[in-house]
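Residue numbers (my numbering), protein chains in the order written: chain A, 16 to 370; chain B, 16 to 370.
It should be emphasised that the hints constitute simulated quantities derived from the structure, not laboratory data.
Identical copies go unnamed one by one, so any copy, or any two together, can satisfy a pair.
With a straight-line cut-off of 30 angstroms between C-alpha atoms, the simulated DSS-like cross-links for lysine-lysine are:
no., residue 1, residue 2
1, 267, 72
2, 174, 149
3, 72, 174
4, 242, 137
5, 231, 242
6, 335, 58
7, 58, 327
8, 137, 233
Because the structure is a prediction, the values reported are computed rather than measured.
Spelled out, the chains give:
Number of protein chains: 2
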Amino acid sequence: MKKHNFGAGPSILPQEVFEQSAQACLDYNGIGLSLLEISHRSKEFTAILEESLALIKELLHVPDDYSILFLQGGANMQFNMIPYNILNDDETADFVETDIWSTRAEEETRLYGKTNIIASSKEANFNYIPKDFKVDEHATYLHLTSNNTIYGTEFFEDKQYAIPVVCDMSSDIFSRPVDISKYHLIYAGAQKNLGCAGITLIIIKNEWLGRSKRPKSKMWDYSIYAKNNSLYNTPPVFTIYTCLLTLRWLKKLGGLSEMENRNKAKAALLYAEIDRNPLFTGHAVPEDRSRMNINFVSTHPEDEEAFLEFVKPYGIHGIKGYRTVGGFRASCYNALPIESVQVLVDAMQAFEQSK
Amino acid sequence: MKKHNFGAGPSILPQEVFEQSAQACLDYNGIGLSLLEISHRSKEFTAILEESLALIKELLHVPDDYSILFLQGGANMQFNMIPYNILNDDETADFVETDIWSTRAEEETRLYGKTNIIASSKEANFNYIPKDFKVDEHATYLHLTSNNTIYGTEFFEDKQYAIPVVCDMSSDIFSRPVDISKYHLIYAGAQKNLGCAGITLIIIKNEWLGRSKRPKSKMWDYSIYAKNNSLYNTPPVFTIYTCLLTLRWLKKLGGLSEMENRNKAKAALLYAEIDRNPLFTGHAVPEDRSRMNINFVSTHPEDEEAFLEFVKPYGIHGIKGYRTVGGFRASCYNALPIESVQVLVDAMQAFEQSK
Numbered sequence: 016m017k018k019h020n021f022g023a024g025p026s027i028l029p030q031e032v033f034e035q036s037a038q039a040c041l042d043y044n045g046i047g048l049s050l051l052e053i054s055h056r057s058k059e060f061t062a063i064l065e066e067s068l069a070l071i072k073e074l075l076h077v078p079d080d081y082s083i084l085f086l087q088g089g090a091n092m093q094f095n096m097i098p099y100n101i102l103n104d105d106e107t108a109d110f111v112e113t114d115i116w117s118t119r120a121e122e123e124t125r126l127y128g129k130t131n132i133i134a135s136s137k138e139a140n141f142n143y144i145p146k147d148f149k150v151d152e153h154a155t156y157l158h159l160t161s162n163n164t165i166y167g168t169e170f171f172e173d174k175q176y177a178i179p180v181v182c183d184m185s186s187d188i189f190s191r192p193v194d195i196s197k198y199h200l201i202y203a204g205a206q207k208n209l210g211c212a213g214i215t216l217i218i219i220k221n222e223w224l225g226r227s228k229r230p231k232s233k234m235w236d237y238s239i240y241a242k243n244n245s246l247y248n249t250p251p252v253f254t255i256y257t258c259l260l261t262l263r264w265l266k267k268l269g270g271l272s273e274m275e276n277r278n279k280a281k282a283a284l285l286y287a288e289i290d291r292n293p294l295f296t297g298h299a300v301p302e303d304r305s306r307m308n309i310n311f312v313s314t315h316p317e318d319e320e321a322f323l324e325f326v327k328p329y330g331i332h333g334i335k336g337y338r339t340v341g342g343f344r345a346s347c348y349n350a351l352p353i354e355s356v357q358v359l360v361d362a363m364q365a366f367e368q369s370k
Numbered sequence: 016m017k018k019h020n021f022g023a024g025p026s027i028l029p030q031e032v033f034e035q036s037a038q039a040c041l042d043y044n045g046i047g048l049s050l051l052e053i054s055h056r057s058k059e060f061t062a063i064l065e066e067s068l069a070l071i072k073e074l075l076h077v078p079d080d081y082s083i084l085f086l087q088g089g090a091n092m093q094f095n096m097i098p099y100n101i102l103n104d105d106e107t108a109d110f111v112e113t114d115i116w117s118t119r120a121e122e123e124t125r126l127y128g129k130t131n132i133i134a135s136s137k138e139a140n141f142n143y144i145p146k147d148f149k150v151d152e153h154a155t156y157l158h159l160t161s162n163n164t165i166y167g168t169e170f171f172e173d174k175q176y177a178i179p180v181v182c183d184m185s186s187d188i189f190s191r192p193v194d195i196s197k198y199h200l201i202y203a204g205a206q207k208n209l210g211c212a213g214i215t216l217i218i219i220k221n222e223w224l225g226r227s228k229r230p231k232s233k234m235w236d237y238s239i240y241a242k243n244n245s246l247y248n249t250p251p252v253f254t255i256y257t258c259l260l261t262l263r264w265l266k267k268l269g270g271l272s273e274m275e276n277r278n279k280a281k282a283a284l285l286y287a288e289i290d291r292n293p294l295f296t297g298h299a300v301p302e303d304r305s306r307m308n309i310n311f312v313s314t315h316p317e318d319e320e321a322f323l324e325f326v327k328p329y330g331i332h333g334i335k336g337y338r339t340v341g342g343f344r345a346s347c348y349n350a351l352p353i354e355s356v357q358v359l360v361d362a363m364q365a366f367e368q369s370k
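Work out the full structure, taking the sequences as your base and the hints as a guide.
Structure representation (structure tokens):
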């Protein structure tokens, strides 16, 4: 039985991505070779890469003065690479602290320049998004984490700030339309809404390529990736193909506006049950509730283990919360069908009735 | 028709790896989830990672005072990470230059310390392995590239030097038994003999963890990978699974001694034909001929295009040589069966007869 996968990441992808990836492992497009054994310089992979980049540009309406790069290493690697590439020793980056991911990004940035945490919701166990903060107009950039997987909060607005914005969109990219022009750099580990684990997407304003003055290693220099169309070295061929398949699925379904509608519907369904059901309570404040990661706890803590057991016969997978929040986390990424959310709601209601 | 894949990399893997990878994309071990959607913290992936590390240790007889790490980014990334982690600003690394890969490694190292190219075969278009070189006893390490994909030369001996040795084994690791104790650090982009593109294997002597004194970013610090069993961040789950499947296949076939015998037999078959057939001539000097990448050219340069056309009906794929050598390169990695080499030899003989 196919499980209802609410895992936080690596996470569910569309069923047709699994099927087409499997076929490509056996024989890619009938060429007599597995996708796993073709050269990254082959015409087949060149076509995969180019179509992927074109679809990202089309779906996100990326302006022409931005470069789209594929790198390895996940968002954690970018916590270093961003200040390494952008920030000079005597410059400052501002951070809004909304999760351990923004904390990690800030800590790594200290190796390359100065940092300021200008706002934080740490004192409330990160259950809200700080809004009344003032950026330092002399800072080089403001760093935001748009969706916070552990605590289930999300920025939904692409705001204009007085300084350039860097945004970690690892867990909500492609879940809604984004006004790319409001950001100088967007980065995203792909293993939520884009593809399987092992690739990172960077969208960077061209004027920022080569910004920091330090001498750079080639593989840590965004300019090298931009100049070589992400083919300076061997990229993860199979992983990029899973991105292409997911992007094709996104386009076929109607793009990011349609995806946003679906994600709103899924989140509304589950939050309504959390708010109605006396056995559960949400973690994040209502106005900042993430559509991607829906965190809730039992009103009676002794129920938590029982509920995790209770949902197993429903085929519900991956809803155990992160240890710093406890309770439950239902991740509702793009590929999770609303039917899975309905099954979880049914299970919550049945659990209530069993009491 | 399944092609005979002589591509230089990403390259052929065992047929059963393709089949089992495909099955895992659909459903991993009957758990109701694709391998592409499972968490890197799941018990399933933990088992994949642990078995992979254990098989590497077993097959290569890695001594207990070494750590085995999985990183992303390929060998190119290690050209930076090795000096970053090992070499202090005032220290020197010695290089033997045998290919563009060792050249790139040396160039990147200059960012972190001093370098010396103590031997090079550049003047002979890298057609041999320099042997009469003297290491600087005050250097921190000697860097070697054990197999040179473009020029088709290979070091076969694990020699003891007066200083620690760092070796790029990207294209011949697992092709023969290796005396790991002769090296302080071995690195290998996996996409030849280990798995699909997107993972790098590091085998490092524990006393070298944390060696360089510079403050380090977490994702660029070998110690972080060692402490976290390569799970500080999300690793490329699927890619590591292809490594596990390949390692299981290696063990089942009899391990690295058996693999060395097979590779010797394949190389002997093809080099014998190159030496016999008046239409072809080898690039590398006989004593340094690689078993992995067999480079040869036409004795009549005008035949080259014709031969590339001639072999197509045989299902022979990927034998066009790199532009700096020209001619042909038949890569004979572990997973290439001797039957494929025989087909190439047959084609060479038929081409001769067609003249």
